[in-house]
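K.L.:
Sequence:
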Amino acid sequence: MDFAMTEEQTAIFDMARAFGQENIAPFARQWEADGTIPKSLWPQIGELGFGGLYVSEESGGSGLSRLDATLVFEALSMACPSVASFLSIHNMCAKMIDTFASDEMKERVMPGVVSLETVLSYCLTEPGSGSDAAALKTRAEKSDSVYVLNGTKAFISGGSYSDAYVCMVRTGEAGPRGISTVYVEDGTPGLSFGGLEDKMGWRSQPTAQVQFDDCRIPENNLVGEEGQGFKYAMMGLDGGRLNISSCSLGAAQAALDLTLTYMSERKAFGTSIDQFQGLQFRLADMEIELQAARVFLRQAAWKLDQGAPDASKHCAMAKKFVTEAGSRIVDQCLQLHGGYGYLADYGIEKLVRDLRVHQILEGTNEIMRVIVARHMLASR
Numbered sequence: 001m002d003f004a005m006t007e008e009q010t011a012i013f014d015m016a017r018a019f020g021q022e023n024i025a026p027f028a029r030q031w032e033a034d035g036t037i038p039k040s041l042w043p044q045i046g047e048l049g050f051g052g053l054y055v056s057e058e059s060g061g062s063g064l065s066r067l068d069a070t071l072v073f074e075a076l077s078m079a080c081p082s083v084a085s086f087l088s089i090h091n092m093c094a095k096m097i098d099t100f101a102s103d104e105m106k107e108r109v110m111p112g113v114v115s116l117e118t119v120l121s122y123c124l125t126e127p128g129s130g131s132d133a134a135a136l137k138t139r140a141e142k143s144d145s146v147y148v149l150n151g152t153k154a155f156i157s158g159g160s161y162s163d164a165y166v167c168m169v170r171t172g173e174a175g176p177r178g179i180s181t182v183y184v185e186d187g188t189p190g191l192s193f194g195g196l197e198d199k200m201g202w203r204s205q206p207t208a209q210v211q212f213d214d215c216r217i218p219e220n221n222l223v224g225e226e227g228q229g230f231k232y233a234m235m236g237l238d239g240g241r242l243n244i245s246s247c248s249l250g251a252a253q254a255a256l257d258l259t260l261t262y263m264s265e266r267k268a269f270g271t272s273i274d275q276f277q278g279l280q281f282r283l284a285d286m287e288i289e290l291q292a293a294r295v296f297l298r299q300a301a302w303k304l305d306q307g308a309p310d311a312s313k314h315c316a317m318a319k320k321f322v323t324e325a326g327s328r329i330v331d332q333c334l335q336l337h338g339g340y341g342y343l344a345d346y347g348i349e350k351l352v353r354d355l356r357v358h359q360i361l362e363g364t365n366e367i368m369r370v371i372v373a374r375h376m377l378a379s380r
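Heads up: the sequence shown begins at 1 in our numbering, then just goes up one per residue.
Calculated from the structure, these hints are not laboratory results.
Small disclaimer: the values here were computed from a predicted structure and weren't measured.
All clues stand as given, with none of them false.
Under the rule of at most 30 angstroms between Cα atoms (straight-line distance), these lysine-lysine pairs were calculated in the DSS-like manner: (1) 137 - 106; (2) 106 - 231; (3) 106 - 142; (4) 106 - 39; (5) 142 - 231; (6) 39 - 199; (7) 231 - 137; (8) 199 - 137.
Could you build the full structure based on these sequences and the hints that come with them?
P.N.:
Take a look at the structure:
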C-alpha cells in the first residue's frame, strides 16, 4: 500500500496548480461579477490535455486514471472551484461519449471535445425530477431517421453557454429502462434556454433551463443503445462525485492556506492570533479533517480505477464526507478571519458560497447515504 504520489502525478498536480494560479485565480472575482467564464479559457485548458482527462488515448484524450483526475480538479479549484467544477462536468460528458458512443460519433465529435473547442453540458435534472432522476419526462420520439425531443431540463450548468448538451431523455417505458442518452448541438432548431439563474455560488457558471420544443436531432446522435441511458448517467456520476469532492478539497486547502497567512499577520492583545492555543486547536482540527478527506477521496478514486465491486459505495461515501468537510473548513476559515472574512477582497466568502452546492449536485448527500445503506444491506 503506497500513499505517495508518483513523479508523474506530482507533475500533473503542479502543472494544473500553476496554470490555475496564473490564468484563473487573478480573474475569478471578475468572472463571478460578469456571470460568465471567457470562452477563450477553454482551449488553453485543452492544450494541457484537460479536455479529455480520462478519455482514451485512441479518442485523443489523456487516458489518465480517476485518481490522476482528482489531482487536476483539486489543483484547479485552489484557483476557483466554480471554473474547476465546470470542467468536471465537461469531462463527465466526454467520458460518457468515449465509452458508449458509436465509432462514427466519436470520430465526429471527440476532436472538438478533447480540445475544448466544444464545451459540453450534462442534462439529467428536470423541474419535477431531481433525486428521483428515473422519473424524468423529457421525451425523444423516433421519427424516420431523427429523434424529436420535447421537455425541459433544469439547473443546467452551461445552459445557453455550452456548445453541446449530453441529455438523458425518455425513449420508452416509465422508469430507468426507458431512458436513453442523446447528443444535442447548440443551435439545433427547437433548442432554447430559460433566463440565467441568480445563484448563491458558482456565479461565474451560466446556469439555465434547457428547453426542447420539437427539437429534431439525427438518429446517429444517440449515445450508445436505446434504454441504456440511465445506466450511462449513473456510471458517469461515480466519477463526477469524485471530481466535485476534489473541488471541495482544493478550495478548503486554499482557504486554510489563506487563513494561516492571515493569522500570522493579524495582531490582537499584543501578539499574532496564531499564537492563541484555542485558535491553534481549531487549525489542527481543520488540518486533521482535510487530510482525512484527502485520503478517503483518493482511496475511492483508486477503487473506481480498479473496478472494485464496492467502488460506487466508496464514491458515494467520499462525496458525502469530503464535500461536508470542505464546507465546514471554509466556514471555519471565514470565522477565523473575523469581519474581514465576510469581505470579498479576502477571498474566503466566495469559497463558502461556491462549496455549498457541492452537497446538492451529483446526487444530494442524502442520496449518498441511501446508496451506502443499500450496499450495506445487499452485502448481508
